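When you get a sec, could you build the whole thing from the sequences and use the hints?
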Amino acid sequence: MSEPMHECKYNPGFMRDTLIPQVGIITDIRTETPDVKTFRVNAPGGGKLFEHMPGQCAMVCAPGVGEAMFSITSSPTNKEYQEFSIKRCGQLTEHLHSLQPGDEIMVRGPYGNNFPVETELKGQNLLFIAGGIALAPLRSVINYVLDNRDNYGSIDILYGSRSADDLVQRKEIEEVWSKVPGVNIYLTIDREQAGWDGHVGFVPNYLKEIGFTTDKTAILCGPPIMIKFCLQALQEMGFSKEQVYTTLELRMKCGVGKCGRCNIGTKYVCKDGPVFRFDQVDELPNEY
Amino acid sequence: MLKIKTADLPALYERIAQSQDLFLPVRSAGQTDFALWQKDAQVDLDTLKTVKSPKDVFFPQSETLYSCHREDGKLSVTPEELCDKPFVVFGMKACDVQGIAVLDKVFLSEPVDSYYAARRTHGTIVALACGRPETSCFCTVFGIDPAAPEGDVVTWMVDQWLYWDAKTDKGFALTDFLHDLFEPADESTVEQVKTAIRAIVKKLPYADLSLEGWGAQAADTRFDSPIWEQLYKPCLACGTCTFVCPTCQCYDIKDYDTGSGVQRYRCWDSCMYSDFTMMAHGNNRTSQMQRFRQRFMHKLAYFPANNDGVFSCVGCGRCVDKCPSHLNIVKVIKAFGKED
Amino acid sequence: MQELITRAKALLESGEVQRVLGWKQGEHIYDPEPAFFDSAEALKDFVYNGFCGANLSKYMIEAAKLEGKTLVFLKPCDSYSFVQLMKEHRVDREKAHIIGVGCKGKLSVNKIDADGILDIQGAGYPDCADTLTVDTLYGQTTVSYKDAMLERCHVCKGKEHMVCDEQIGESADTADSDRFAQVAAIEAMSPEEKFAFFQSELSKCIRCNACRNVCPACSCRKCVFDSTKFDSTQKANTTSFEEKMFHIIRAFHVAGRCTDCGECSRVCPQGIPLHLFNRKFIKDINSLYGEYQAGVDAQAKAPLTSFTQEDAEPSIVAEGGLTHA
Numbered sequence: 388m389s390e391p392m393h394e395c396k397y398n399p400g401f402m403r404d405t406l407i408p409q410v411g412i413i414t415d416i417r418t419e420t421p422d423v424k425t426f427r428v429n430a431p432g433g434g435k436l437f438e439h440m441p442g443q444c445a446m447v448c449a450p451g452v453g454e455a456m457f458s459i460t461s462s463p464t465n466k467e468y469q470e471f472s473i474k475r476c477g478q479l480t481e482h483l484h485s486l487q488p489g490d491e492i493m494v495r496g497p498y499g500n501n502f503p504v505e506t507e508l509k510g511q512n513l514l515f516i517a518g519g520i521a522l523a524p525l526r527s528v529i530n531y532v533l534d535n536r537d538n539y540g541s542i543d544i545l546y547g548s549r550s551a552d553d554l555v556q557r558k559e560i561e562e563v564w565s566k567v568p569g570v571n572i573y574l575t576i577d578r579e580q581a582g583w584d585g586h587v588g589f590v591p592n593y594l595k596e597i598g599f600t601t602d603k604t605a606i607l608c609g610p611p612i613m614i615k616f617c618l619q620a621l622q623e624m625g626f627s628k629e630q631v632y633t634t635l636e637l638r639m640k641c642g643v644g645k646c647g648r649c650n651i652g653t654k655y656v657c658k659d660g661p662v663f664r665f666d667q668v669d670e671l672p673n674e675y
Numbered sequence: 095m096l097k098i099k100t101a102d103l104p105a106l107y108e109r110i111a112q113s114q115d116l117f118l119p120v121r122s123a124g125q126t127d128f129a130l131w132q133k134d135a136q137v138d139l140d141t142l143k144t145v146k147s148p149k150d151v152f153f154p155q156s157e158t159l160y161s162c163h164r165e166d167g168k169l170s171v172t173p174e175e176l177c178d179k180p181f182v183v184f185g186m187k188a189c190d191v192q193g194i195a196v197l198d199k200v201f202l203s204e205p206v207d208s209y210y211a212a213r214r215t216h217g218t219i220v221a222l223a224c225g226r227p228e229t230s231c232f233c234t235v236f237g238i239d240p241a242a243p244e245g246d247v248v249t250w251m252v253d254q255w256l257y258w259d260a261k262t263d264k265g266f267a268l269t270d271f272l273h274d275l276f277e278p279a280d281e282s283t284v285e286q287v288k289t290a291i292r293a294i295v296k297k298l299p300y301a302d303l304s305l306e307g308w309g310a311q312a313a314d315t316r317f318d319s320p321i322w323e324q325l326y327k328p329c330l331a332c333g334t335c336t337f338v339c340p341t342c343q344c345y346d347i348k349d350y351d352t353g354s355g356v357q358r359y360r361c362w363d364s365c366m367y368s369d370f371t372m373m374a375h376g377n378n379r380t381s382q383m384q385r386f387r388q389r390f391m392h393k394l395a396y397f398p399a400n401n402d403g404v405f406s407c408v409g410c411g412r413c414v415d416k417c418p419s420h421l422n423i424v425k426v427i428k429a430f431g432k433e434d
Numbered sequence: 136m137q138e139l140i141t142r143a144k145a146l147l148e149s150g151e152v153q154r155v156l157g158w159k160q161g162e163h164i165y166d167p168e169p170a171f172f173d174s175a176e177a178l179k180d181f182v183y184n185g186f187c188g189a190n191l192s193k194y195m196i197e198a199a200k201l202e203g204k205t206l207v208f209l210k211p212c213d214s215y216s217f218v219q220l221m222k223e224h225r226v227d228r229e230k231a232h233i234i235g236v237g238c239k240g241k242l243s244v245n246k247i248d249a250d251g252i253l254d255i256q257g258a259g260y261p262d263c264a265d266t267l268t269v270d271t272l273y274g275q276t277t278v279s280y281k282d283a284m285l286e287r288c289h290v291c292k293g294k295e296h297m298v299c300d301e302q303i304g305e306s307a308d309t310a311d312s313d314r315f316a317q318v319a320a321i322e323a324m325s326p327e328e329k330f331a332f333f334q335s336e337l338s339k340c341i342r343c344n345a346c347r348n349v350c351p352a353c354s355c356r357k358c359v360f361d362s363t364k365f366d367s368t369q370k371a372n373t374t375s376f377e378e379k380m381f382h383i384i385r386a387f388h389v390a391g392r393c394t395d396c397g398e399c400s401r402v403c404p405q406g407i408p409l410h411l412f413n414r415k416f417i418k419d420i421n422s423l424y425g426e427y428q429a430g431v432d433a434q435a436k437a438p439l440t441s442f443t444q445e446d447a448e449p450s451i452v453a454e455g456g457l458t459h460a
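Chains as they are written, first to last, in the numbering used here: chain A, 388 to 675; chain B, 95 to 434; chain C, 136 to 460.
Keep in mind the hints are simulated off the structure, nothing from the lab. Values in this document were obtained by computation on a predicted structure and should not be read as measured data. Worth double-checking, as some hints may not be accurate.
Keeping only pairs whose Cα atoms sit at most 20 Å apart, straight-line, the calculated EDC-like set for lysine to aspartate or glutamate is [as the list claims (entries may be wrong)]:
1) LYS329(C) with ASP262(C)
2) LYS204(C) with GLU176(C)
3) LYS432(B) with GLU162(C)
4) LYS428(B) with GLU162(C)
5) LYS339(C) with ASP127(B)
Chain B is faced by these chain C residues, among others (derived, beta-carbon under 10 Å) [claimed, not checked]:
6) LYS329
7) PHE332
8) ILE341
9) ARG342
10) CYS343
11) PHE442
Backbone N, C-alpha and C define an ideal beta-carbon position, used for all residues, glycine too.
Here you go:
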């Protein structure tokens with residue numbers, strides 16, 4: 388129904404629009420895999436560009452090349468910088484991979500919701516399941532949880548990729564995460580490889596082999612096909628959809644639910660997501 | 095209620111233009127669209143519907159957001175100046191004013207779009223009641239009254255007079271500024287005109303269009319309907335419907351290399367275009383059926399679900415008039431009506 | 136019209152064709168839409184009247200990818216587009232059953248100067264009237280059939296179908312003006328006048344891409360203007376230069392292939408006479424290389440894609456716009 392049009396009295400104290408980025412300096416670049424690099428970003432005067440929560444994203448922009456949404460892979464508990472793990476797969480990411488420490492980029496954010504680390508997830512046993520580059524969004528949660536270890540129960544991390552060379556953050560996994568009490572790490576790669584004595588096989592199969600108990604909340608990120616079979620496996624184990632979180636990824640331009648392209652059903656992934664529980668995903672039209 | 099002879103309107107335009115920008119329907123190369131008034135402009139208040147809706151006065155087809163320069167490896171960002179001068183939009187119809195109310199829900203909700211908000215803050219809307227509603231009009235279906243539009247000022251054309259009724263502070267301020275051009279008027283004349291317009295509107299072919307089944311609940315019930323597969327086929331995947339629409343607000347953000355820096359601008363985009371949802375690793379809407387469905391589901395289901403039942407269609411009928419394949423939202427609404 | 140439906144039903148029922156591509160009854164007489172009909176039952180909504188201007192040839196590109204044959208109704212001028220698409224290997228002649236349908240000139244509701252049009256009498260086929268009777272919300276009015284015709288019908292290419300398997304219905308040659316008169320008038324303008332003319336027309340462009348998407352000659356799977364690697368503003372009328380560039384590049388790209396079907400001008404929401412660009416090329420091609428009509432013969436060599444020793448020297452071509460004024 389039509390409703391009366393109110394006079395727009397929005398006061399022009401707007402200052403910076405959310406669409407306007409800040410300049411960020413790349414202070415470190417780590418080569419994780421042949422096609423993934425992790426970029427450390429600081430504000431020009433040092434420190435972080437902004438505060439965020441685990442799971443939130445930011446728009447990274449190279450002027451004249453493009454702009455795209457990336458999850459912030461560093462934990463908010465890190466007070467010095469933010470990190471983005473970026474896979475080379477298009478024009479913008481190609482350009483970002485050519486940059487050097489000291490180069491400047493533009494960043495705006497943070498955007499979207501976050502994993503409910505201070506509410507639903509608090510006090511829970513957590514099961515993280517990731518495939519390939521999708522460890523990036525989970526890493527911010529894992530480090531947040533590890534830095535607030537007393538607030539959570541057991542922690543299981545199942546992570547797989549195509550090959551041992553494609554495992555991102557391997558150093559951190561082996562040198563930091565695996566040493567924290569009550570944390571179990573399960574790594575797997577798709578195919579046998581010289582020098583790898585760990586598990587070989589797809590993530591969903593390994594998940595079934597391990598067979599977790601359902602006293603956990605699962606956080607699942609990875610390629611669509613992996614998500615599909617992992618969710619099936621979890622359900623076979625007795626997990627309900629309310630116990631499993633994931634993130635969605637769609638094309639985004641504005642980051643604030645206005646430009647329209649990440650609209651799916653009544654949700655905007657940039658604003659209402661990227662974090663969804665599977666029962667919430669089920670309510671969306673099958674268009675993601 | 096005030097009035098001014100239509101023959102004296104050029105003086106009114108000139109007076110407004112002395113201190114602010116004035117946008118109004120101007121005929122150029124055979125078509126009428128809202129444009130900036132200039133002395134030699136061919137003002138056209140007779141054409142009911144401009145080709146484009148006047149939304150571009152508040153949300154231009156393209157606008158620079160900021161400029162970016164690199165000097166000695168250092169980047170700097172210069173935001174574009176926001177609109178800071180008052181302006182007037184004259185001659186907006188009831189449907190187009192409601193179109194702005196729909197855009198408000200998008201751009202003025204948190205986080206506020208400052209570019210749009212600045213224009214809304216500085217713009218005064220002078221609405222004009224519809225004289226001769228057209229076959230493709232169906233604004234009443236959305237509860238809009240073409241005889242009594244919303245706006246800062248509402249006007250009616252009656253014979254050789256324009257009746258003028260200020261409604262808001264902005265409207266009163268504009269009226270004060272123009273006061274010596276007006277003379278007092280009798281409300282009853284306008285009431286008669288309103289009655290006449292409402293009588294015509296009842297006879298419009300789409301006056302009884304039923305929105306039953308649409309709204310929030312359609313988000314769940316109509317997405318998977320086989321009807322979409324039958325409806326979309328003639329769609330050419332052009333953006334005509336989107337670009338003439340008063341409520342379509344999807345946009346793209348792109349770079350323009352000026353040679354001495356980069357201008358980041360935004361421009362209208364269309365969910366009908368195949369690259370709209372294209373990502374480096376794929377596209378979540380690969381068929382034109384999906385894109386076609388998205389446009390109508392957004393207007394008739396998703397938007398009302400998120401905005402207290404307000405539809406993102408105002409029944410202006412521009413898409414009805416302009417679709418190269420004669421597809422349109424009326425046919426979509428009716429196709430589902432038949433099925434129920 | 137009944138004859139068309141009867142024949143379509145027979146072809147569907149015999150299994151000769153899998154589907155029918157025609158026009159479907161709209162809300163009014165003047166808004167029929169192109170449509171695929173999968174069954175004899177669905178044909179109840181089939182319509183063919185004076186408002187069926189849409190050229191169905193381009194839809195045959197998609198139809199060629201479908202299983203089985205498609206029955207398509209082509210008007211004489213549409214058939215030129217189909218032949219050109221055959222020449223470009225974009226449609227499959229084997230998968231098309233073409234009924235050459237008669238045409239007595241197609242109408243544009245935009246050319247009927249009346250508000251609130253409800254119904255129009257005299258726009259049927261084959262029985263059309265010299266004068267259309269228009270019922271409107273504000274009373275009845277009349278307009279001559281000729282005055283309501285699309286621009287392209289005033290320069291009708293004739294009654295012949297360039298390709299078809301069978302023909303149903305009579306056609307009329309509706310040409311009543313010189314095809315190149317408008318082009319010649321623009322050629323006669325001073326450079327400043329020409330610029331002003333195109334500036335005023337093209338500044339109306341909203342970059343909706345309707346002209347491109349309807350054009351049978353624009354059949355690239357991915358248009359250069361949709362490429363992320365092409366540094367254009369794509370869907371924004373950012374600068375007046377961009378507007379002109381889009382239309383001029385498009386005109387160059389379809390030069391020698393454009394059959395002058397007039398769809399670009401029919402669909403333009405801003406009424407830009409886009410056909411004039413294409414017709415300028417056709418006129419120049421005719422004068423430089425001899426008379427050539429795209430879409431007549433799928434085998435014939437096209438002047439811009441073949442070389443002969445008699446071809447005009449490049450310098451003459453370069454001066455074409457001026458010397459042939």
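Hint-by-hint comparison with the structure:
no., hint, in the structure
1, LYS329(C) with ASP262(C), "violated (42 Å)"
2, LYS204(C) with GLU176(C), "holds (18 Å)"
3, LYS432(B) with GLU162(C), "holds (13 Å)"
4, LYS428(B) with GLU162(C), "holds (10 Å)"
5, LYS339(C) with ASP127(B), "holds (9 Å)"
6, LYS329, "violated (14 Å)"
7, PHE332, "holds (9 Å)"
8, ILE341, "holds (5 Å)"
9, ARG342, "holds (7 Å)"
10, CYS343, "holds (4 Å)"
11, PHE442, "violated (36 Å)"
In this structure, the earlier hints numbered 1, 6, 11 are contradicted, and the remaining ones agree with it.
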